[in-house]
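Enquirer: One-letter residues, chain by chain:
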Amino acid sequence: MNISIVPALKVLRPAAMLVIVVLVGLVLGYWANATFVPGYSPEQPIAFSHKIHAGDNEIPCLYCHTQARRSPSAGVPAVSKCVGCHLEVATEKPQIRLLMSYWENREPIPWIKVHDLPDFVHFTHKRHVLANIECQTCHGPVETMDRITVSSRAVNGSAQVGKPWKMGLCLNCHRENEVVNGTDCWTCHK
Amino acid sequence: MPNIDRREFLKLVGAGGVSVGAGFMLREANKDPREYLIPHVLAPEDSSSGLSTWYNSVCSMCPAGCGISVRTYEGRAKKIEGNPSHPVSQGRLCSLGQAGLQALYNPDRLTAPMRRTGAGDSASFEEITWEQGLKQVGDRLDLLRAARRGNRVAFLTEGVRGHLAQLFESFMRQLGSPRLLHYDFDHPHTLYAANQQFFGENHLPYYDLQNTRLLLSFGADYLNNWISPVHHSLGFGESRHGRPDIRGRFVQIEPRMSMSGAAADEWIAAKPGTEGILALGLAHHIVAEGNYSGADRGAWVTALADYTPAAVAEQTGVPPTTITRLADSFVDTAPSLAIGGGAAGNHSNGVDTLVAVNVLNYLVGNIGQEGGLVFNPAPAGPALQQHRATYSTMLELAEAARQGEIDVLIINGTNPVFTLPPTAEFAQALAQIPLVVSLSSFLDETAALADVILPSHTYLESWGDDFPEPGVGFSVGAVSQPVVSPLYNTRGTGDIILDLARRMGSAEVMPWNSMEEFLKYGWRRIYQRGDPETLAQGFDAFWTSVLKAGAWGETSSGNTAFTLNPDVIAGIGVAPPEFSGSEEDYPFILHPYLSPNLHDGRGANLPWMQELPDPMTSVVYGSWVEINPETAEQMGLTEGDLVDIQSPHGQLQVPVYIYPAIMPNVVAMPIGQGHREYGRYAKDRGVNPIEILSPQIEPITGNLATSATRVSVTATGKRVKLVKTGGTSRDLGRDIVQTTGGLGVEVTSAADNSIPITEVTT
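Order-wise, the sequence lines are chains A and B.
With my numbering applied, the first sequence corresponds to residues 636 to 825, in that order.
With my numbering applied, the second sequence corresponds to residues -17 to 744, in that order.
This is chain A alone, in the form it adopts within the complex:
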């Protein structure tokens, strides 16, 4: 007796086609989002430009992000810090007026977080800053950005703007620099 699966396939073919098309479509859509949608670059409450501050005027990163060298978190400057200069500088620009309205109302500016690590990663700025790792190594060429875009570590001198961080980036750097216990799970996942 001959048993063949061909008749069965014939019956199922339209359904099988549909499943295949749907699966390929899902993957394609996901891939398209990952490849063509630019890195996370939200519009901030004030159009603050790192290019003007850190690029054109060469203000050191640590001038505003003072906590980076002594704290796990780099910190965002208090509104008073912005106002410290802008009482005098560029007072007529609309964005500075916006800043002053926050200041006069004694309200904090709700900046949107761009660079984020999951809560299960223990990262401290202090160690990295004290080891003289440049901020741009992880944050990309911030001094060229009008609006902050998520970016990952520079590879061969070129930053991967638009690519979020992955664990491999940490590990590669820790390996290259022969960090003591740098590839130990417990170093970052405490």
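Honestly, the hints are just simulated from the structure, not real lab data.
Misleading hints may appear alongside valid ones.
[Said to hold, decoys possible] In silico DMTMM-like links for lysine to aspartate or glutamate, alpha-carbon gap of 20 Å or less:
hint	chain 1	residue 1	chain 2	residue 2
1	B	K117	B	D389
2	B	K13	A	D754
3	A	K801	B	D14
[What the hints assert, rightly or not] Facing chain A, according to a computed beta carbon distance under 7 Å, are these residues of chain B, among others:
hint	residue
4	L(-8)
5	L(-6)
6	A(-3)
7	S1
8	F6
9	R9
10	A11
11	D14
12	Y18
13	I20
14	P21
15	H22
16	G32
17	T698
18	V702
All C-beta atoms in this analysis are idealised placements derived from N, C-alpha and C, irrespective of residue type, glycine included.
With the hints as your guide, set chain B onto chain A.
Expert: This is chain B only, laid out in the frame that chain A set:
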């Protein structure tokens, strides 16, 4: 695909398009949610993002006065630890102190001033403004003061020390009222009285557990709640393990094994209330054996003549061999130390008992010695012992209220409606007072009866200071500073009092605008005691350094030479304890003890303390009565059986816990549960044994003899399941409880090391 028709094709294209879109959205939806970075408007000086800021302050969860370091993060208190540079706590802290955070963040805190509306059962509280509340109270005080009737104002506070105590005193002096009462349920009145009688000092000496080699504790649960438990625990550890080749030996004498009893090398159960007789039995043996050779030896021989080992054994139930052995090792092991307190001091003969304990220290020369009992210098800050209220003082206050002699009663911190037995009728007395003002942070049983509530900050939000009592042999003080900004619309106790003082026209005498200002004024005097170097830096530098360090100290010491007043010797003697209720009707002696977790009930609104297992029984969230296994067997009781505990003055229903380390004719109950108010965690949970205590007093101090009540135990036939974390307390041949002789332990015969519960005749 030759045989796909148009229809089929369109279907596939449609499905493909939808799924591409779905894939796109799938990734979009999996992206992290938006987070914000909210900066400060003005950067605070002492807070930085990502870093904790620690503040040193003083714990107020019990009267020990431990120094604490509080970790704050972005302006919120996160963790309380002991302050390593404070000589009392030395970096350690007990569970109640750790749970102080839950007082701060308690969901049942009073968040704004309130006024009672309506009367009787329909009474409720409405929120008012501070101005309304302060005006209502301030106007009444002003009227009374102007009419020279300020003595109709009474001020009832928990035991406070330092400048807050002084502020209360000045306030009441302005009113011309002597009715300033510091009332704590667990204040060791009998210990103060015994020390006054024997040493002529009305403050406590320093008990140097750390350097002692043998500690005899007559009822003092020094590891849990006797005077300064954190410091004593440190001393206990040091004595056991801190010295090479010397291991401190600890003997605990009490009818029910406390945690200190469990940690001791030997636990001896003397009949309740006979601890002092046992101490004099030891003293008799010391003198009789010629181990005391002072000039007054003759007087001692006469005074102690009746306390022969045989007579004492008869009264206490402790065998004569144990008495002589203890007395001999107390002499041979120098330095040694005898302490007394807890239940032993809460009998009708409490003061005499604790004097008898002092006799032991005197006879073997422990007084003023390292490893013994060291006198403290007078506290550097205000010391106002004279306002300490006993049970009898509280009865007088209640009587005065009933007679209509009191128009205004201000209550701060203390909760007498819970901690006084109902026979005192304190709640009824409160109803007779036209204006009862509570400064409590919580709606406890007393605050619930107030007319106006002006809620105080918790200690983590307010200014204060403390001069621990007992000190540690030298002068210590510490400033309690706020570690967070106030969470709610509350005010500091000191600030409220200063405001009321202004309103009654005392601003000239009490000109300070805030407690902080008053503290600085007071600490200027302490600063002026400093050496030239400190003085050269100026007061502000001194103040900053005291706040930073969280402690201030001075290497002064107390009186070292001690001469006993010869009249004291003739008065030595301990009468048998008196109990309320006949032995036939009430066959058991009730041994109420302060819960190690909830203290006198103040910890009951802290969920951490509720869920922390009791160290001896491992029971959580509830009350129980401890009964000896033999007694339970005779009565047919097992764990969880609900029994009626009946005293001549009341009845409670509570589940049984079978406890092997209690005398057969004693039943023990923890104090702390049984609240009717005091927030969601405390309310309607367990029972309060204070409710059935007989109004038996200790005649010298007038304090309540809390251990002098007899009870009967009757099974109800009902059962509940006791919630506890422990399984069986027995080894059951599993070999899991192993004992070992430590370094330098004196090896004695097996009979000597055994716990003498079986020798006790009852």
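Enquirer: Among all the numbered hints in the text so far, which are the ones the structure does not match?
Expert: 4, 10, 17, 18
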